[in-house]
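Engineer: Protein chains in written order, with the numbering used here: chain A, 814 to 922; chain B, 814 to 922; chain C, 814 to 922; chain D, 814 to 922.
Source of the hints: derived by calculation from the structure; they are not laboratory data.
Incorrect hints may appear among the rest.
Identical copies carry no separate label here, and so any pair may be met within one copy or between two of them.
[Claimed, not checked] In silico EDC-like links for lysine to aspartate or glutamate, alpha-carbon gap of 16 Å or less:
#, residue 1, residue 2
1, K831, E848
2, K821, E902
3, K871, E848
4, K821, D897
5, K867, E848
6, K867, D849
7, K846, D898
8, K871, E902
9, K871, D897
10, K871, D898
Number of protein chains: 4
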Amino acid sequence: MIDANVLKRLGETLAARKGTDPASSYVAGLLAKGEDAILRKVAEESAETLLASKEGDKLHLVREVADLWFHSLVLLTWHGLTPDDVLAELHRREGISGVAEKASRKSQA
Amino acid sequence: MIDANVLKRLGETLAARKGTDPASSYVAGLLAKGEDAILRKVAEESAETLLASKEGDKLHLVREVADLWFHSLVLLTWHGLTPDDVLAELHRREGISGVAEKASRKSQA
Amino acid sequence: MIDANVLKRLGETLAARKGTDPASSYVAGLLAKGEDAILRKVAEESAETLLASKEGDKLHLVREVADLWFHSLVLLTWHGLTPDDVLAELHRREGISGVAEKASRKSQA
Amino acid sequence: MIDANVLKRLGETLAARKGTDPASSYVAGLLAKGEDAILRKVAEESAETLLASKEGDKLHLVREVADLWFHSLVLLTWHGLTPDDVLAELHRREGISGVAEKASRKSQA
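Could you build all of it, start to finish, from the sequences and the hints given here?
Structural biologist: Structure below.
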C-alpha cells in the first residue's frame with residue numbers, strides 16, 4: 814500500500830531547497846532560475862504526457878505524469894504554496910459531482 | 814489538516830464513472846469522448862497554469878493546478894491506471910535526491 | 814501556384830479588425846478579450862497540431878498548423894506587430910545554416 | 814520590403830535536409846530523431862511564445878513566433894508537406910470572414 818503522505822513529504826523537501834545553493838540540487842537550481850524556467854518545465858512535461866499517452870506505454874505515462882506533478886509542485890513552492898493547497902481544493906470539490914461539478918468550475922472561471 | 818486519501822477516493826470515483834452514461838456526469842462524458850479529448854484538457858489546463866502563475870493570483874493558480882492534476886487523473890483512469898501509480902513513482906524517487914535524482918531521471922529517458 | 818502575399822493580406826485584415834465591434838467578427842471578439850484569451854488559443858492549436866500529427870491525417874495537420882499560424886498572427890496583431898516581422902526574422906536566419914544556425918539561436922537565448 | 818518567398822525557400826531548404834547526415838545540420842538531426850522530437854520542439858516554442866508575450870519584449874516575441882513557425886515547418890517536412898500547403902489553406906479561408914469564418918472552422922472540427 815502506498816504511503817499517502819508522499820506528497821506532503823515531497824512538499825517539505827521542495828520548500829527546504831528554496832534559497833539553498835543552486836548547485837546543490839536539481840530543485841535548488843530550478844528554483845533559483847525562477848518562474849519562467851519552472852513554467853517551461855511544466856509545459857514540457859505536459860507535452861511529454863501527451864506523447865507518452867499516444868505511445869501507449871503505461872510505465873512511461875506514469876513517469877511523465879509524476880514529472881508533471883513534480884514540476885507543478887516546484888511551481889507551487891516558488892509561489893510559497895504547498896501540495897496541501899491542491900489537495901484541499903480537490904477535497905473541496907468532492908461533495909460536488911458530475912455535471913454539477915463541471916458547471917461549478919465553469920462559473921468560477 | 815488535509816485528508817491525504819483525497820487522491821485515492823478521487824481515483825475510485827473516476828474509475829466508477831468509466832462506462833457509465835456519458836450524459837450522467839462531466840467525467841463520464843469526457844471518458845466517453847476518448848483519449849484525444851482528455852489530452853486536449855491536459856494541454857489546456859497546463860496553459861491555464863502558466864497564465865495563472867504569470868497573473869500571480871495564488872488562489873487561481875491552486876485551482877488551475879488542481880484542474881491539471883484532475884484531468885491527468887482522468888487520463889490515467891482512461892488507461893486503467895490510478896493515482897497510486899503516480900504516488901508510487903514519486904515514492905520510488907524519494908531516496909534519490911538533488912543532482913543525483915536529476916541524473917537518474919535523465920538516464921531513464 | 815500559391816500567392817505569397819496571403820500572409821501580408823491576412824496581417825492587414827487582422828490589423829483592421831482591431832478596435833472594431835467585438836460582435837462583428839471572430840477576430841474582433843478575440844482581440845477584445847485580450848492577451849490571455851489569444852494565448853489560450855495559441856496553446857490550444859499547438860496541442861491540436863500534436864494530436865493531428867500523431868493521428869497522421871495530413872489534411873487535418875495542415876488545417877491545425879494554419880490555425881496555429883493564424884492565432885500567432887492574432888497575437889502579433891494584439892502587440893502591434895505584423896507577419897512581415899516574422900518573415901524578416903526568418904529571412905535574417907537564411908544566411909545562417911545547419912549546426913551554425915542552431916548555435917546562433919542558442920547564443921541569442 | 815520583405816521577400817514573400819522566404820517561406821517557399823525555407824520549405825525547399827528543409828526538404829533538401831531530409832535523409833542527409835544527421836550530424837551535418839540542426840534540421841537534419843531533428844528530422845532524423847523523428848516525429849516526437851519535432852513535436853517536443855513545437856510544444857516548447859509554443860510555451861516560449863506564451864512566456865515572451867507575457868514578458869512584453871516584442872523582439873523576443875517575434876523570435877519565438879519565428880521559432881514556432883520554423884519548427885512547425887520541420888514537422889510538415891517530416892510529413893512530406895510544404896509551406897505552400899499552409900498558405901493554400903489560409904488563402905482558402907480568405908473569402909470567408911468574421912463570425913462566418915469561425916462557424917466554418919467549427920463545423921469542420
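Engineer: Determine for every hint whether it applies to the structure shown.
Structural biologist: Hint check:
1. K831 / E848: Only inside one copy: K831 and E848 sit 13 Å apart there, 31 Å across copies, limit 16 Å.
2. K821 / E902: both (15 Å within a copy, 15 Å between copies)
3. K871 / E848: This pair counts as between: shortest inter-copy Cα distance 13 Å, intra-copy 30 Å.
4. K821 / D897: This pair counts as both: shortest intra-copy Cα distance 7 Å, inter-copy 15 Å.
5. K867 / E848: Result: close only across copies, 8 Å inter versus 29 Å intra.
6. K867 / D849: Between. Shortest inter-copy distance 9 Å satisfies the 16 Å Cα cut-off; intra-copy 27 Å does not.
7. K846 / D898: Neither: 24 Å inside a chain and 30 Å across chains, both beyond 16 Å.
8. K871 / E902: Intra 27 Å, inter 12 Å, cutoff 16 Å: inter-copy only.
9. K871 / D897: Between copies only: 13 Å across chains, 27 Å inside a chain, cut-off 16 Å.
10. K871 / D898: Between copies, since 10 Å is at most 16 Å while 28 Å is not.
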